[in-house]
Amino acid sequence: MVYSRQIKGTERFFGVSGLLYRSNVLMYDRGSESLWSQIKGEAVTGPLTGTELEVLPSTLTTWKKWRMQHPDTQVLSLETGFSRNYATDPYLDYYAQQSGFRSFFKLGPGEKEKELVVGIVIDGKAKAYPLKEIKKAIQIKDKFAGIDVVLSFDASTDQLSVVDGSGNNIEQITVYWFVWKGIWADTARY
Amino acid sequence: MKTNPSISVLWLVLLIVVFPFLASASWDYSKRSIPLDEILSGGPPRDGIPALTEPAFVAADRAGFMRADEQVMGVFLNGIAKAYPTRILSWHELVNDRFGKQPVLVSW
Chain C
930 MVYSRQIKGT ERFFGVSGLL YRSNVLMYDR GSESLWSQIK GEAVTGPLTG
980 TELEVLPSTL TTWKKWRMQH PDTQVLSLET GFSRNYATDP YLDYYAQQSG
1030 FRSFFKLGPG EKEKELVVGI VIDGKAKAYP LKEIKKAIQI KDKFAGIDVV
1080 LSFDASTDQL SVVDGSGNNI EQITVYWFVW KGIWADTARY
Chain W
64 MKTNPSISVL WLVLLIVVFP FLASASWDYS KRSIPLDEIL SGGPPRDGIP
114 ALTEPAFVAA DRAGFMRADE QVMGVFLNGI AKAYPTRILS WHELVNDRFG
164 KQPVLVSW
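So the protein lines, in turn, are chains C and W.
Just so we're aligned, residue 930 is where the first sequence starts under this note's numbering, counting upward by one.
Just so we're aligned, residue 64 is where the second sequence starts under this note's numbering, counting upward by one.
Derived from the structure by calculation, the hints contain no laboratory data.
Be aware that a few hints might be false.
As the list claims (entries may be wrong) - The list that follows gives simulated cross-link-like pairs (lysine to any residue, SDA-like), each with its CA atoms no further than 20 Å apart:
(1) W:Lys94 <-> C:Ser961
(2) C:Lys1054 <-> C:Ala1074
(3) C:Lys937 <-> W:Gly163
(4) C:Lys969 <-> W:Gly163
(5) C:Lys969 <-> W:Leu99
(6) W:Lys94 <-> C:Ala1074
(7) C:Lys993 <-> W:Gly163
(8) C:Lys994 <-> W:Leu140
(9) C:Lys993 <-> W:Lys94
Please model the complete structure; the sequences and the hints are all you need to start from.
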């Protein structure tokens, strides 16, 4: 997830609190020390409670595909100022595991904790679409919370787009099913 | 290997009594929208996973350390394109960055 750090006119800097809320990382801003849900993009404790972060567009893709689209791209340097083994991703085992931390709900039939879903929220109502289904169909047309929802996936760029009937962008995130369900307990599912 | 029972008891005390206290000690929960008992320690302490601030970047044609098939988070904003390899993001979780005048938070 990528957010604006400009919050109500003030630039904020964020750190990792070390705390979790229903399997979700809680980050904090150094100015007000509020805790923010990383997935929901909303302050959940502290002076800024209830404040929402503005989502900015981002794509999860491969270096090759990204570079083809943006030949003049820069890439984050390994010289971060910290000594870490960047050759390996510390979460490789975690990605490979089937299970996640989900003591707070039961899986439905055919559901997997670690399957990736694309989540949207319209008028406070949440719905999740398994990423595999979108990739398979290339495009899914749905009706949810009274509006038309069109989800498309472009395999050449790994670009996922979610728009309404008039082509307006709908905010969406791709996360594990158990993470989404942890935030939106009464979410619908495609 | 046998475990000394007194050490186990000490760990139990740390786990049940001390760690939750440490986890909650530094935060102001007087205003909140979620139940306190659902905020758990994820293991590392505050800033135990260090967020990046003012990160350095490398031009694509100088990025010999990148593998073609490796995963990146790509952001294109204000005419600027940046790629964040997820193998780096996993060690820091947050990057406090900037696209021109726009302050940006990349979270993973």
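Hints the structure fails to honour: 4, 6, 7 and 9
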